[in-house]
Structure formats: structure tokens, C-alpha cells
Amino acid sequence: MTAEIGQAAIFLSVLSCLWAIAFLSVGLRTRNPHAIQSGRNAVIATFILISISTGALIYGFLTDDFSMRYVVEVSSAAQPLFYKITALWGRMSGSLLFWLWILTVVGAVVVWQSRQRNEDAHDTLADHALIPIVVVQLFFTILVTGLIEGIYNPLARFPNGQVAADGQGMNPLLQTPLMAIHPPTLYVGWIALTVPFAFAVGALTSGRVGSDWILRTRRWTLFSWIILTLGIALGGNWAYKELGWGGYWAWDPVENASFMPWLLGTAYLHSVMIQEKRNMLKLWNILLITLAFQFTLLGTFITRSGIITSVHAFAQSDIGAYFLGFILTSTAGVIGLIIYRWKRLKSANRLESLLSRESAFVLNNWLLVGLTLIILWGTLWPVISEAINGEKSSVPESFFNKVVIIPGLLLLFLTGAGPIISWKKITANNFRRLFVFPLLIGLVGGALTWGFLALKGYTFPLYSVLCSFAAVFVCVAIFAEFYRGAKLRAKRQETSFLNGLNLLIQRNKRRYGGYIIHIGIVILYIGIMGSKGYFLLESEPLAIGQSMQVGRFELTMKDSFKKEYANYRRTGVIFDVKKDGKHIGTMEPALHLYHKTGQGEPETKESAIRHFGMNDLYIALGNVPPDIMTGGLANVQVYHNPLVGVVWLGIAVMVLGGIVAIAEKSDRSREA
Amino acid sequence: MKKQNRFKIVAASVMLLGGMVFLVVAMTRSTSMRYFTPALLVADGSSADKQQVQVDGLIAEGSSKWDAANFVLTFAIRDRETDATVNVIYKDQLKPDNFTDGGSVFVEGEYDASQNLVVATKLMTKCASKYDGAESAVPTDETSYNSSE
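Line by line, the protein sequences give chains A and B.
Position one of the first sequence corresponds to residue 144 (our numbering), numbered consecutively onward.
Position one of the second sequence corresponds to residue 36 (our numbering), numbered consecutively onward.
Among the hints, a few may not be true.
[Claimed, not checked] Distance condition first, Cα-Cα at most 30 angstroms in a straight line; then the derived BS3-like pairs of lysine-lysine:
| no. | chain 1 | residue 1 | chain 2 | residue 2 |
| --- | --- | --- | --- | --- |
| 1 | B | LYS100 | B | LYS157 |
| 2 | B | LYS130 | A | LYS545 |
| 3 | A | LYS701 | B | LYS100 |
| 4 | A | LYS705 | A | LYS384 |
| 5 | A | LYS384 | B | LYS130 |
| 6 | A | LYS701 | B | LYS126 |
| 7 | A | LYS722 | A | LYS701 |
| 8 | B | LYS130 | A | LYS701 |
| 9 | A | LYS705 | B | LYS130 |
| 10 | A | LYS705 | B | LYS100 |
| 11 | B | LYS43 | A | LYS489 |
| 12 | A | LYS722 | B | LYS126 |
| 13 | A | LYS599 | B | LYS126 |
| 14 | B | LYS100 | A | LYS706 |
| 15 | A | LYS545 | B | LYS43 |
| 16 | A | LYS675 | B | LYS126 |
| 17 | A | LYS420 | A | LYS634 |
| 18 | A | LYS545 | A | LYS535 |
No lab work stands behind these hints: they were computed from the structure.
All figures in this text were calculated on a predicted structure; none of them were measured in a lab.
Assemble the whole structure, with the sequences as input and the hints as a guide.
So this is what it looks like as C-alpha cells:
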């Protein structure tokens, strides 16, 4: 029965979405508060209905209801409870329902957040913004009804009362805690971007195109940014631990799809500051948040449509066409609204100088949007090349690695230059006071890196030297900002330096939270430089008792093992590890063979990783031959990944900075 | 003064945009590799000689040999529709997971037309379709490649 109730709830929520759109539109047009309130109630009703559907699906998992198609495809009786629940987003139709559910939570929260403002009949921005949110909800609701070809209702049962004996189980790659929480994290980040987008549309429809919509959604945007940062990092961390190739980022279309909205969101977080401070870029901000929102859908389109499926597969289904259709029509709608409001979107100010904080922000935006387009180009190259010359081609990882370096280094430099350059126009005094010292120390940093790497035998590593120069410059520039500000506060309040620092951050959490994020970015760059540029890799065939050398480490394969678990078999080898001749422990790289694999593959690599400070020793195992105990050869690849820990540290600092910045209350007084 | 500034800003923007476009076009040209099925590659081999290519097909039954002592995997990719095959050599890498006869395989590498051989630098696998005939209504619309490089 529960599955039928869940299905009915999905169909009812089509009605509640239509109800909300109709009553909000009519209510706003006729200024009828009762109609508007009815529309808001319908948004809450949708949330309740979709919660029931989602609950019904989870109930199906918990009770092993193998008459339900989706349950059979992603779960099995022996699947651990935790993965029975995360199976909710294990495949496409469940993912769509889960996505929809988060979106209905977001809708309900927006209604709840604006409950006090609703008393004020003139403040209709939130109600205007609800309409686009509900339109997106309606799109996803229709997708999961099962009426659309190629996507079935996640609560559907098999026809003719068929019941499967057991489920097929979830893809083994997804059966790790990291992968279980990685997709929902990304979803939350993407979906949260719907709110600033919806308020931008609301600003256009209501005609209130000032900065009110930006200020009121500032926390949503930051929330989305923090969660996306975490989600992308979780994905990288998962790839590093589970895929066995020693890296965390490979410019896979799926990774690119998560990264592009992040880049655009980052650009938007910067450009709104220009609108707030200088009343410029109004139009650009609306375009940018529209683009960021559309890219969250485009990601789904790219990975699910099959357009690049011959290279990296996900699903091949009709869903891509619906996403593309929705992206195009909704973008056309926004452009139409922009043209309608054209006169109100003109900027009051212009750029006054090429060397000014405004220009630094604009350059930052250019670079971030440019990077997004470059990544999109590379990701879609199979489609583009086919359109150009009829030959399907694609670009490898090295394309992305090469092409992002220069814009990436410019962006790194800007994380330091942006915060210290003066508004309107740089002055000689500004340059002398704030730039010269960090630049000099940066040069010293670059030179030291050069010297260090030269000692290790590398011939002039240009990019590493530039990266170190920029990193040191940024750190010095930003720490100097903290130092000057804290000292001034301490002096004024006649208190200690640390108190002054605390006061400084408390008074302007947004600004100094941002600076902390910038420091995190620097740390991240250092980690990427070390781990991408200077890893060691040794591949060896080894018999039991044999050893290999990787840098300062000596690894001796001393034994093999085989263990049976409920859903998989684990085979592997045991290494004794010595560093500089000193015994430091054992490592056990392994292979898992899953018995129930759903649509995934049965074998997975379980690499052994050991941290030494910020560096990792990483062992991937290729095979364990049946005759391993009588001289058979196991193949292993051992990586020494320098500074890979710094990558995760940098991301942690970025998230911390985001949390500081989000603590500042949105300014609701202006324009209201 | 104002006019001069505008000129500078426009000039800087054009330079930046031009630089980016140049970078992207140059990199695309130098790294782009054509995609082939084994049948297409065999038929049009000379045009792809000594070039980076991508080939997608099935692991020909009985063709694979794994030399553990020397880290060399050799096998043939069979076309999904015809009998055409292309030889592959994949060196200094671990034996990929889920590498089974008849399974899907995708390789990237340099093609040598005289030997009909791809020297692979990247290889991705997917098992042979396991669920044919299993639960009637179950499609296999969502599979993922295992990546190994």
C-alpha cells in the first residue's frame, strides 16, 4: 500500500505545484493577500506530499519490498541498513525524487523565512521568488511521475504482480561512507543555488531590481558555496581512496559538472560586492546567477543524456532532452524579463581605472567565467568536434591540466591583490604601503622554491616558482590586513592584540571570513602543486618476501590474506613498511569482489594509504594470483604523494572561512 | 582622460579574451584525439597512423594475456558489430579491475597502423552485460566504467 500512497502523493504534488503557481501569480497581480497565502500553503503542501513519497520509498528499502522496481535495482536483502537508506539516490529515478524532496524543503524554508515580511503587503519579493522555485519543483515532479518516457516512477512496482526473489544490490563503488554522502552534499549545494536565482527572477518580475534580492539571499548563496566546496572535496577524496590511481581529480565530465557551478557561484559571490558598494554590474549579477543555476541542471544534462556517453558512461536516457528543453526555455524566460526591465538595470557607475578594486573584481569574474567556459568546451568537445567536422574527438585530462594553469595562477595572484588594492583607482601611496612588502617577500618565496627544487634535481620549474611567489605574496598581503586591522582595534579599544583580532573579525565577519577563504585557496594551490607536480610512482611485480624501494620507503611484501564478508570477498597482501631503515608498520592493499553489484562492476580496488605529515604513501594492488603463496607475482603500484594532505587542509580552511562569513546576518534594512 | 581609460579597459579585455581563446584553441589542437570503433580504425587506419586515438569496443574472447613479471597487458578490441579487431598493448600499469572476455573496454593511446596496434596510456573496463535475462523489466541504462590509468 505504501508505494501506492507514495505514487498518489507525487501526482497530487503536480496539482499543488500548479495551485501554487496559479494562486501566487494571480494573487500578486490582483494584490489579493488571501490568494497569495493560499499559494504559500500549496508550497508547504508540496513539501508534505513529496516527503510522504520519499518516506514511502525508504519504507520500501527497509522492508525489502522486491515488488518495487527501484528497490530491486539498488538494494538487496543483505545490504547493510545504512546503504539501504543511501540507495535512495543510488540511481537516477530515486536521485530525481530525492532532488525534488530537497527542493521542496527549500521552498518550505523560503516560505518560513519570509513569514514576518509577509505582514507587509508591499514586500512581495519572496512571493515573486516562490514562483520560479515552484516551476522547478513542477519540472522535477513531472519527471518522477513515470509518465515521461525513459524515466520510471521510483515507487512503481513490477507489472503483473511480479516479485523478485532478491534485489541486485547497489553499485559497489557507491558502498562506501564517502560516496554515500557525496551525492546528497552536491545536491544540497546545487539546489540551494535555486534560491538566489529565484530571487533574481522575482526581482525582475516585481521590478525591484535593486540590491535587495542579493542581500536577502546572501546566506543562501554562501551556504550553497560551502556545501558545494565540501561536496566536490568529498568526491575527490572518494576517488583518491577508492579508484586506485593515486589521484583525486581527473577532469572527468562528472567532476566538471560539479565544478562549473562552483566556479560560477564563486564569481557571483564576488560580483555582488561591486553592486552593493558601487551600484554597478546589476545586469551582470542577474545573468551570472542565472548561468550558475542553469549549470547545475546542465551538469545533469551532460552526465545523463548520453551525449558523451561513449567516453564516460552514466545513463543514456531521454532525460537529457527534458533537461535541455527546461534549461533553454527557462533561460529564454529570464532573458525576456531582462529585456522587459532593461531601463532599470543600467549601472549608475562605470569603471574608472584599470588598476582598481573594481577592476580586480571584474578580472576575477572574467577569469572564473572564462575557466567555466573552457571546462565546458573541453567537456563538450566530443559534441563540438562532431558538429564541426563530423569526427567525434575528445580531449584528455592533460588538456584541462595545461589550459587552466595560467588563468589559475592569475586568479591566485588576485586573491591577494584584490583585497589590498584601493577602490576607484590605485594610488602610489596605496601601492607603496600595501603592495611592495608582500611582493618582495613573494619573490623571496619563489626564489626559495626554485632553490629547493633545483637541489632536488629539477630544472627550472616555472609554474611551481610562479605559484610559490603568488602564494607567499597572497599570504603576506592578507596576514598584513589582519595585523593592521587588529592592531588598530587593539589601540582604539586599549586592549590586547588578540582581543583586537577577535573584535576585527566579529565586526566584519563577511570580509574577514572571505580573507580566511583566500588563505584556504592558497593552501589548496600549494597542495595541488605538490601532489600533481612531484609525486613518485613505482610499479613492481612482487613475490612474497620480496621488497621494493620508493623514495625513502622500503616495502616488503610478507603475506597475503583472504576474508569473506556478507556481501564481498576481500583478498590482499600485507606489506612491512620501513622509512629510512626504521620499521613503521604494515599496510594492506586489497581487492574486493562483490556478490551483489546492481548495475556496477564486481571488482573494486581498496588501496592502502598512510599519512606522513602532509605526504601520503599509497599502495594500489593490481591482482593477487592464486599461486601467491608458492611464488606467484602480485602487481603493485606505490605512489608517494607529497602535500596531498595540504589539499584537504586547504579545503577545510576554505569551509571554515565560509562559516565565519555566513555568520554575519544578512543586511535587511537597505531598500526594504 | 576618461576616454583614454575606456580605451585601456577595452584593450585589456580584448587581450585577455584573445589570450584565452588562443590558449584553448592551441591546446585543443594539440591534445584532441579522434574517436574510433575498431571497424572504423581498421578501415581508415592510415589517416590515424601515429596519432592519439580513442577506441571503444569489446575484449575479444581469448585474446588477452597478462604478463605479471613485466607489467604488460596485451589483448584485442573487437568491434561491437563486425569482426574487425585492433590490438592493444598496455604497459607499466596494474591489471585493470573487471577485465573479462567480452566485456566493454575503452582505450586511449597512439595508433600504429603498420601493426594495427594501439599503445594504450589509459584503459577503462566494464563487465559483459550481466543481467541479460534477469528480472524481466530491468534495464541496464546506468552503468559506469571503471577507470584506471
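Hint by hint, work out which the structure violates, then give me just those numbers in ascending order.
-> No numbers; nothing is violated.
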